[in-house]
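Asker: Given next are the chains, with one letter for each unit.
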Amino acid sequence: MTNAHPTLRTGAVPARSVRTGRRSRARAGRAPWEEPPTVVGQAAKGITLTGVLAVVIVPLWIITLTSFSTPGAVNRAGGLVIWPDGLSTEAYRQMLGDGTVRTALMVSLGITLVGTLVSMVVSVLCAYGLSRSRSLGHRTILSLLIVTMFVSGGLIPSFLVVTGLGGYGQWWSLILPSAVSVFNILVLRSFYSTTSSDLIDAARIDGAGDWRILWSVVLPTSRAVTAVIALFYAVGYWNSFFNVMLYLPTDAQKWPLQYVLLTYVNRGNGLPGSVNSGFGSTHAQTAPLSLQMAVVVLTLVPLLLVYPFMQKHFRAGVLTGAIKG
Amino acid sequence: MSAARSERGGTGKSLTWRTRLRRDKSLLLMTVPAVVLLLVFNYAPLFGLVTAFQYYDPLDGVRNSEWAGLAQFQQLFNDPLFWGALKNTLWLSLVQLVLFFPVPIALALLLNTVLSERLRNFIQSVVYLPHFFSWVLAITIFQQMLGGAGVLNHFLRQHDMQPWDITTNPHTFALLITSQAVWKEAGWGIIVFLAALAAINTDLYEAAAADGAGRWRRMWHITLPGLRGVIVLMLVLRLGNALSVGFEQFLIQREAVGHETADVLDTFSFYYGIANGNYSFGAAAGLFKSVISLLLIWGANKLAHVFGEDGLYRK
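In order, the protein sequence lines correspond to chains A and B.
The opening residue of the first sequence carries number 1 in full-length UniProt numbering; numbering runs sequentially from there.
The opening residue of the second sequence carries number 1 in full-length UniProt numbering; numbering runs sequentially from there.
Certain hints may be false.
[Said to hold, decoys possible] Covered stretches of chain A (chain B as the covering partner; in silico rule of three or more C-beta atoms under 8 Å from a C-beta of chain B):
| no. | stretch |
| --- | --- |
| 1 | 38-50 |
| 2 | 82-96 |
| 3 | 104-110 |
| 4 | 126-136 |
| 5 | 147-157 |
| 6 | 234-248 |
| 7 | 292-300 |
[Stated by the list, open to error] Cβ-to-Cβ under 10 Å is the rule here; a few derived chain A residues that face chain B:
| no. | residue |
| --- | --- |
| 8 | T66 |
| 9 | A77 |
| 10 | G79 |
| 11 | V182 |
| 12 | L214 |
| 13 | Q258 |
| 14 | R267 |
| 15 | L303 |
Don't read these hints as lab results, they were simulated from the structure.
Predicted model only: the values in this text are computed from it and were never measured.
For each residue, glycine too, the CB sits at the ideal point set by N, CA and C.
Given these sequences and hints, build the entire structure.
Answerer: In structure tokens:
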């Protein structure tokens, strides 16, 4: 994919590279041979695209606004708040004052940080280890990896392996079984193998070993893809809830945020162990809507914080691994 | 290739195995953690599949459990719940193929006609976003918007119209699942198509326009053929995964629509295998799914080759 650049019309071509993930088709405007747009066509396009944007943005707006609304505003709206009416941060104060949500936030952050670190160390090492052509055994190991993308033992055998190793109720059962994504390793590997051989040769002549080359030559020249892969891993850990259901279903003190969201907001159950808050466990009553929406927003915030820095590199992470394999 | 050769000092054949091992031992060492994790959590479960042929008892373990032969499969194929789950899976797969698959292609084509680079980038950032949401979050958002107490029904009730709750209606469940999948993943799905579009030689368009081909004819004769390879690849992947219609979506929404509608093959192993401790039965269901899936991937690939495309791998 990377080396199949077609010659584009403008001549200023090679800027469009998968490596930077930037899409510079350098179109200054409509080409002279293109027909002028029809009014109907333009209108239809505008309406469709606005609709597409609205479908994503409007729900997020409504949920965020409701989480910042006073109980009065929620009452007047009869549910979710669409126009700002009365704003307050009460829901957030209440939420962060609640032991269960605070614990869940810490658990989620902890799993995400530790998990991403483990995954990245393992993946980066493996990807570099397999990226030098003609190294001993790399084809065999590569096939070993790729086979797992097509053949799996399925849910029950994996469950039996993890519980057999004593993973039931343990933190590591949320991290280690899913720590390696072969797809991500393939993406990293394909980037590492395109790192200039001249640079690597030069480093080798200077006496650098493979560890040194990985750390001081390969990693610094592939920061973008490393960051994207780290984001993919982090999102995976942050979003996961099924492994909690499998391995830690009863221990509410170990629940991450997604599981709390599922229990309280989605299923509307009370939380065990949070007595003095709006989550009112004793009567299993549903929490106030603004508080529920605050939990929703809380699961979104970390993502929205890193998203703007990452999004221009996505293409790099998605295209390479699959196609160059 | 020549650069790589210089880097690793000569072709492999000219060096002895020992020399190569000494030279590459750090590289091999680097792959150890990943290989160990895969062996434990991906390969060991493969051997764990023997439980499908046993009456597995956690107290006896895999080694000492009694052998069942094909009894678990017999029970499986006599279980109406299993056939229900299989039927649901195939139906959902079909609905997704028809209603989901074309959406990213259409969206990519549409986006490709937007001239302003900034606007294009903005739209892309917005439509990629839901891909990073968890299913819990996405489904919560759907509930809040379309559920019984959600924005839509509140509006309908205020205007004296019949409320319409898609989130608990078993008859429209396939539609609900597919629209959630479209909302969450269709935007992300355009990336591959945009890349393929960007790789089409624009000279072709100019030449076609000079020959009098209009906008739609250019799309039909240049754009779509340019996308053919990647569309076939995506179709092969989709068909190969026909038995995987999603997992967490069904797990979360099963209570709302009932198990007759929401059970699919993936959740079947969970509910009838793990949740009630009938491990061997669940493993048999899982093995059945894996085997059929492998056949599907192989078959879909063959199909791609028939159409002269690469598919997952070259012929």
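Asker: Each hint should be assessed against the structure and marked as holding or not.
Answerer: To see whether the hints hold, each was checked on the structure:
For a cut-off of 8 Å, the count of residues in the stretch 38-50 of chain A with a CB near a CB of chain B stands at 3, and the three-residue condition holds. Counting residues of the stretch 82-96 of chain A whose C-beta sits closer than 8 Å to any C-beta of chain B gives 1, which falls short of three, so the coverage hint is violated. Counting residues of the stretch 104-110 of chain A whose CB lies closer than 8 Å to any CB of chain B gives 0, which falls below the minimum of 3, so the coverage claim is violated. For the stretch 126-136 of chain A, the stated coverage by chain B is satisfied: 9 residues place a CB nearer than 8 Å to a CB of that chain, which reaches the threshold of 3.
Look at the stretch 147-157 of chain A against chain B: 9 of its residues bring a Cβ nearer than 8 Å to a Cβ of that chain, three or more, so the hint holds. As drawn, the stretch 234-248 of chain A meets chain B at 8 residues by the rule of a beta-carbon pair under 8 Å; at three or more, the given contact holds. Three residues within the 8 Å Cβ limit are the bar, and the stretch 292-300 of chain A against chain B gives 4, so the coverage statement holds. Taking 10 Å as the C-beta contact cut-off toward chain B, the hint placing T66/A at the interface holds, the least distance being around 8 Å.
At about 8 Å, the closest approach between the beta carbon of A77/A and any beta carbon in chain B falls short of 10 Å, and the interface hint on this residue holds. At about 5 Å, the closest approach between the beta carbon of G79/A and any beta carbon in chain B falls short of 10 Å, and the interface hint on this residue holds. Interface restraint check for V182/A: the shortest CB-CB distance to chain B comes to about 8 Å, inside 10 Å, so the restraint holds. Interface restraint check for L214/A: the shortest CB-CB distance to chain B comes to about 8 Å, inside 10 Å, so the restraint holds.
Residue-level restraint check for Q258/A holds (minimum Cβ-Cβ distance to chain B is 5 Å; threshold 10 Å). The interface hint given for R267/A holds, since its Cβ lies 7 Å from the closest Cβ of chain B, which is under the 10 Å cut-off. Satisfaction of the interface hint for L303/A is found here, the shortest Cβ-Cβ separation to chain B being roughly 5 Å, below the 10 Å cut-off.
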